[in-house]
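Novice: Here the structure of chain A is known, so what remains is to put chain B in place on it, guided by the hints.
Protein sequences, first through last, are from chains A and B. With the numbering used here, letter number 147 in the first sequence gets 147, and the count goes up by one each step, no holes. With the numbering used here, letter number 458 in the second sequence gets 458, and the count goes up by one each step, no holes.
Keep in mind that the hints were calculated from the coordinates and are not lab data. Some hints could be false.
Identical copies go unnamed one by one, so any copy, or any two together, can satisfy a pair.
As a list, the in silico SDA-like pairs of lysine to any residue whose alpha-carbon atoms are at most 25 Å apart [what the hints assert, rightly or not]:
no.: 1; residue 1: K353; residue 2: D265
no.: 2; residue 1: K227; residue 2: E424
no.: 3; residue 1: K463; residue 2: W477
no.: 4; residue 1: K433; residue 2: T266
no.: 5; residue 1: K98; residue 2: A481
no.: 6; residue 1: K293; residue 2: N376
Since the model is a prediction, treat every value here as computed from it, not as a measurement.
There are 2 protein chains.
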Amino acid sequence: MHLKSPWLTRPSPSPPRRSIAGITAPRAVRRASAKKSASKAFSARAASVSSGVSLSSFTAPSKAAAKAQARALRTAVFAADKPDRSGADAKDAGKGQKVMVIGGDGYCGWATALHLSNRGYEVAIVDNMCRRTFDDQLGFNSLTPIKGIHERVRKWEEVSGNKIELFVGDICDYEFLSAAFEAFEPTSAVHFGEQRSAPYSMMDRTRAVFTQTNNVMGSINLMYAIKEYAPECHLIKLGTMGEYGTPNIDIEEGYITIEHNGRTDTLPYPKQGNSFYHLSKCHDSANMLMCTKTWKLRTTDLNQGVVYGVATEETMMDPALINRLDYDAVFGTALNRFCIQAAVGHPMTVYGKGGQTRGFLDIRDTVRCIQIACDNPADPGEMRVYNQFTEQFSVNELAALITEAGKKIGLDPKVITVPNPRTELEEHYYNAKNSKLQDLGLEPHLMSDALLDSLLNIIVEYKDNVDQRLILPGVNWTESASVSKTVAKVAAK
Amino acid sequence: MHLKSPWLTRPSPSPPRRSIAGITAPRAVRRASAKKSASKAFSARAASVSSGVSLSSFTAPSKAAAKAQARALRTAVFAADKPDRSGADAKDAGKGQKVMVIGGDGYCGWATALHLSNRGYEVAIVDNMCRRTFDDQLGFNSLTPIKGIHERVRKWEEVSGNKIELFVGDICDYEFLSAAFEAFEPTSAVHFGEQRSAPYSMMDRTRAVFTQTNNVMGSINLMYAIKEYAPECHLIKLGTMGEYGTPNIDIEEGYITIEHNGRTDTLPYPKQGNSFYHLSKCHDSANMLMCTKTWKLRTTDLNQGVVYGVATEETMMDPALINRLDYDAVFGTALNRFCIQAAVGHPMTVYGKGGQTRGFLDIRDTVRCIQIACDNPADPGEMRVYNQFTEQFSVNELAALITEAGKKIGLDPKVITVPNPRTELEEHYYNAKNSKLQDLGLEPHLMSDALLDSLLNIIVEYKDNVDQRLILPGVNWTESASVSKTVAKVAAK
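Pulled out of the complex, with its shape left as it was, chain A reads as follows:
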């Protein structure tokens, strides 16, 4: 029907408004090239209809009025030198902000979408579900029984009374992305929508190329979409602490002032990503800096540490809202994987000497950090960089913490050393700064508490789901080749 509508295939500066199934369509996309995408976005909406998600928020508001309101709110944010964060947990803390969460079906994205929705931010999730496809292809699964995105969003509205809009598609498809921007008009775009596993990116050439293409080109598309459709929109981009590598000097937050041969400049901190994944985030940061300066975008680059935990206030409100928890050797991050190993009586697998030190944070802090970033938009032409972690630990320290916590709940955790599949320093200096988000109001959860509160006890509940074949490392950095031995290995298990 709509797909064959003549104005979708011919340029038309001011196409007539039409309605589908009683819903007023948002005003026609601005560019002829974006028209196909409009039809795709409509398909996504149709899918939402059939799954019962209410579509009333698709009704076109007065665009000028919405923009004026968004601008007024933003001006208020800028005016507050020291914003009062005491109301950050209020039900209307985010009033007037429209946040597009790209990758909103993933581990961090889902928790963030619910956290913001629960505090009055109007939220849309953009996701192509590729994280689920990776699991399907590799034979992995979340420890926790997660529901499909349509059911999740439906249940969230039932539980909270808040709608989350859903745009199912790939941000590497610019027609889709521009239609989503046209329809939702975000004031912030939170970008979790990247392939996020270092081992996955090192499995084989195809996945290396996929990771860098998907991540880097998706971000470029996003910046063009902001430039063209929502120039005031604040881009909040998830990077990783892994961009910095393990230099022998202190790690600063994004920039470093260098004195050299009697002259001084403040430059982007030198990056040393240690996998195609980490490097994709380095590339993103470099591209973002240029686009921010050239196009006067508002951007924030969050170099996030290793996230742990599964429980946030919202994801525990109903079993259908539960977040994913990965423990396989490709997508499972160190702490979550160790906890699951401890829970099922598998020795914790320390890679090599275990002196590898990284920054960590509780997923309950991830969601707060994103909220803080939304509430503190960068100025036009400014790229803010925050190091988003709360504590530093070495792998050996993690294992010791879990051993201690595990014993308190009757477990008897053991540790074994396995050959390190990665090429990385196993003993090194590590001192990374992380004061900026705390200066803006972040109150960290501490790992020693979190292990019991939000992780070990939940894992024990689901421990019968564990497939122990997935725990051991399967991707070796030096073996990466055009045809992955790992995939064959996984399939053969």
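Specialist: For chain B alone, coordinates are given in the frame of chain A:
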């Protein structure tokens, strides 16, 4: 014929040797996944046959013997602490080295291929001719009447007696690339095969994404091909001085030692690429460093300045060998474009204040730099970085030099200021180091001489070819959008 041979479509660990048109095919590619590419490579060879290029070099040598010989020669290179470069221009200077020149149909690539071939290096050109396609699409053309690659290679053999092998294909197509590696077995791979124009990369979203995908993924493929098919092969990758941007401190060659809070480390020099093109080279460098360390590759990253000049010894041997010379606002670099403007009586178009300072080098030095890099392979796991330029000039200084030189040959060059289409500093500190290549034997040509020797006089000869409509800037950094206004503009001229 061969394309339909059954072993091309079914896995077969040791396929029979076959001959095409009397030529022994190289031994079958190692992997089933590479088989299709073999057929593509054969197509390229068939094309060569029909254009008359001799194919005798395709006869399979004893692989083990060739490898042993290559290794012995390389060992000899390593043994020489201070290699004697006095014979660098000898007809057998490169004996035993097999150099794959990727992008060998382009401006720097073609001159390099002939320079090396003329000195006894065995050369293969890998190119997909996309540089010519860009011109076709945008209505541009080289000032000099260049011939097609098949005719060029045929003429070169006629003039010099040296064969250059030709592999026509895209290095983003890994099947093609791996077949080319299998067939040629390079000892060095010189990588010019990237989209190399900053304005092109800033025209529109599609070209931005194309530039970064083409450049970054092509380089990743190349590193996988080296890892899998020729692990001793020395990768010589062309970067750009533009990766560094214009920092307020001295620019070092690739790495900088930073003292910070009482500790010291030597880290990759902080990069600030100023277009999607320059950033693609930053990404390449970062990827290369990781792959070099992880896979123990031998790599050299050449941060090249702005190249000028059209005449090299070999490209002037016959009119059919002449190199391309670009003067349009997208592919024409500052000095070449200014000289052409001076020759046709068009005022030289200085962008903005003209204080933009960059490193420059004569194309006769480019080809020598590559030869030096080939003769000084990096150690396994080492990424060497050289800044490849010989002199620094501001845009205003260039204009003054050309004015002076032009008057000597009866021209009357004028200068006008046009609004700067780029977003860049127009007055800044600039001091870049460039001693490493000179320490290895580079003897620079100076611009003041080159203007008359190899550039202005040649341009005057071809000045009737100039299309003045192409000279003015057409790509504005801040206007880059999903649909290029520039293309429409160019088409409308």
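Novice: Now look at each hint and say whether the structure bears it out.
Specialist: Structure-based check of all given hints:
Taking the shortest Cα distances, K353 and D265 sit within 25 Å of each other only across copies (23 Å), while inside one copy they are farther apart (37 Å). In this homomeric assembly, K227 and E424 come within 25 Å of each other (Cα to Cα) only across copies, at 19 Å, whereas the closest approach inside a single copy is 38 Å. Taking the shortest alpha-carbon separations for K463 and W477, neither the intra-copy value of 30 Å nor the inter-copy value of 55 Å comes in at or below 25 Å. For the identical chains of this complex, K433 and T266 are neighbours both inside a copy (16 Å) and across copies (20 Å), given an alpha-carbon limit of 25 Å.
Taking the shortest alpha-carbon separations for K98 and A481, only the inter-copy value of 24 Å comes in at or below 25 Å, while the best intra-copy value is 43 Å. In this assembly of identical chains, K293 and N376 lie within 25 Å of each other by CA distance solely inside one copy; the values are 18 Å within and 39 Å between copies.
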